[in-house]
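First to last, the sequence lines map onto chains A and B. Read the first sequence against the numbering used here and you will find it ends at 402, with the numbers running on by one and no gaps. Read the second sequence against the numbering used here and you will find it ends at 153, with the numbers running on by one and no gaps.
Think of the hints as simulated: they come from the structure by calculation, not from any bench. Please note that the accuracy of each hint is not assured.
[Claimed, not checked] Subject to a maximum C-alpha distance of 20 Å in a straight line, what follows is the list of computed EDC-like cross-link-like pairs (lysine to aspartate or glutamate):
1. K85(B) <-> E64(A)
2. K118(B) <-> D68(B)
3. K126(B) <-> E375(A)
4. K140(B) <-> E64(A)
5. K85(B) <-> E22(B)
6. K126(B) <-> E64(A)
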Amino acid sequence: MSDPRDIVKHSGWIAADVPTEPVTLPAVLVEPPCGVKELMTENLVVNMGPQHPSTHGVLRLLLELDGEQIVRGEAVVGYLHRGIEKLAEHRRYNAVGTLMDRGDYVSGIMNELAFALAAEKVGEIEVPRRASWLRVMMSEINRLASHLVWYGTMGLDAGAMGQFLYAVRDRENLLDILEDVSGQRMMFNYVRPGGVVNDITTTAEAKLRTFLKTIDGYMEEHSALLGGNEIFQGRMRGVGIVTKEMAVAFGITGANLRASGLSFDVRRDRPYAAYDEMHFDIPVASEGDCYARYLVRMEEMRQSIRIIRQCLDGMPEGDHMGKIAKVFRPPAGEAYAAVESPRGELGVYLVSDGTDSPYRMRYRPPALYALQLGEAMLPGLLIADAVVSLGSLDFVLGEIDR
Amino acid sequence: MQPDPTLIAKTLAEAGVEASFEEVRALGYVVRIAPESVRAAIGALKDCSRSFDFLVDLFGIDTGEAIDVVYHVRSFGDDAELHVKAEHAYDSVLTSVWDILPAALMAERECAEMFGLKLAGHPNPKHLLLTEGSQPLLRKSIEIRTAEEVRNR
Chain A
1 MSDPRDIVKH
11 SGWIAADVPT
21 EPVTLPAVLV
31 EPPCGVKELM
41 TENLVVNMGP
51 QHPSTHGVLR
61 LLLELDGEQI
71 VRGEAVVGYL
81 HRGIEKLAEH
91 RRYNAVGTLM
101 DRGDYVSGIM
111 NELAFALAAE
121 KVGEIEVPRR
131 ASWLRVMMSE
141 INRLASHLVW
151 YGTMGLDAGA
161 MGQFLYAVRD
171 RENLLDILED
181 VSGQRMMFNY
191 VRPGGVVNDI
201 TTTAEAKLRT
211 FLKTIDGYME
221 EHSALLGGNE
231 IFQGRMRGVG
241 IVTKEMAVAF
251 GITGANLRAS
261 GLSFDVRRDR
271 PYAAYDEMHF
281 DIPVASEGDC
291 YARYLVRMEE
301 MRQSIRIIRQ
311 CLDGMPEGDH
321 MGKIAKVFRP
331 PAGEAYAAVE
341 SPRGELGVYL
351 VSDGTDSPYR
361 MRYRPPALYA
371 LQLGEAMLPG
381 LLIADAVVSL
391 GSLDFVLGEI
401 DR
Chain B
1 MQPDPTLIAK
11 TLAEAGVEAS
21 FEEVRALGYV
31 VRIAPESVRA
41 AIGALKDCSR
51 SFDFLVDLFG
61 IDTGEAIDVV
71 YHVRSFGDDA
81 ELHVKAEHAY
91 DSVLTSVWDI
101 LPAALMAERE
111 CAEMFGLKLA
121 GHPNPKHLLL
131 TEGSQPLLRK
141 SIEIRTAEEV
151 RNR
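Bound-form chain A, shown alone (with noise of 0.2 Å):
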């Protein structure tokens, strides 16, 4: 060898010189020298976002911090509006699914039928049962396709990985059931005033079945791999306490008002489409932390399941879109309808003034209410927890900004 020096190692290490006795350390480095102790210190401000990955979405954090704990915490939104109110204003009634889809653009199905709920109602149409029935089955495999993400990010923020790549395996499975349906993998635009667009496939169902033969066993694996984890446990538990009045003072809707032990659901206390057919249970959890929120989708996840068997062995025959004119023009009103949709109760408010659009259109974001209390919560946490408690509200920036 013509170069015989250590690469890695400096030249005077000597591999078994490690001290066996316990180290004294010089005094001066036990002992901080005079004057340490009347160092002032300085709280910071960081920008955490807009483009980071915790935040789920363009979200900026403005944190004042001391150390590692939050002093001061402001939400700054805005970046994702694209004005999707204004817009629905100028646009005929099937036209505005389109940018109902951009809202919250992990659940698009539940939003389109939102907004289709609260038209139907202004306009006094009946929707043939059939519709009810696959509006019930697609939004309950958007639901699970949405709870997937979430369960996903939500290790991405406790630090571990591999939950990550299994929930985008079964994602994948039911998005191509959605895109086999509707034509479009997130962008549905499936659900239209008097019922949706397309009947189920006959190879979306043979999809459809498939899955399901194997999505009991995933599921127990998705459990077993992220909850059964003590380290991820330990991230989670205690962290991020919501307590059912702060819940309800800051108009939390969805699993998280159910983790801290409000049982109100928009699917049972104010049933839509055919949910007052389905046979399902609301899961509750009274702790009200990020680990409860945790347990209360991963049921809701369980039941989604529940319903989808029930849609796919009981589907009524019949039309999937009823009897509405072309340009549909509902007579001068208003309505309110709401739906559940993953992140809570996402509300339509329709005022109508006997035209072929709509006057004025108000998209209730239930994430935009979710990530109020966030903000709320910030004051006392470590950087680290806020990520996790953000992370375990689950919002989506699309739908806070609109």
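With chain A's structure known, arrange chain B on it following the hints.
Okay, now just chain B, sitting in the frame of chain A:
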């Protein structure tokens, strides 16, 4: 679902709020109050025996003559919902109810910026979604296309 109208009328009368009631097709009960009595009305509804303490939503509607600010409140105890409307003149002041219902914090900011109302009594009265200084987007007088864009369509 539907609230007890006599209870609400009694609650609001005791708080000294003048209110008119109407039942709107497909929507349910709507209580109309003056913008000055919003705080008194929302506070009284929260403190009444059926406690409307959950703010579902807060938003505005440009009716062409004024801004209707809608407070959609819910009582979990009574399982009832109520829409409270207050007609605000253009460019007038929207009084914050955030200390009664903290859920109003962000919704009020959005309502104020979108309809060009001034926000009073709010801890953080900045714009929420739009940049500072932008036009009140949801007013009917604001066009989504400029005259030039319409011409070139």
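Consistency of the hints with the structure:
The straight-line distance between the Cα atoms of K85(B) and E64(A) is roughly 38 Å, outside the 20 Å bound, and the hint therefore fails. Between the alpha carbons of K118(B) and D68(B) the distance comes to roughly 14 Å, so the proposed pair stays at or under 20 Å and holds. With a C-alpha separation of about 15 Å, the suggested pair K126(B) and E375(A) falls inside the 20 Å cut-off, and the hint holds. Between K140(B) and E64(A) the alpha-carbon distance is near 40 Å, which puts this suggested pair outside the 20 Å criterion.
Between the alpha carbons of K85(B) and E22(B) the distance comes to roughly 11 Å, so the proposed pair stays at or under 20 Å and holds. Among the hinted pairs, K126(B) with E64(A) is consistent with the structure: their alpha-carbon atoms are about 18 Å apart, no more than 20 Å.
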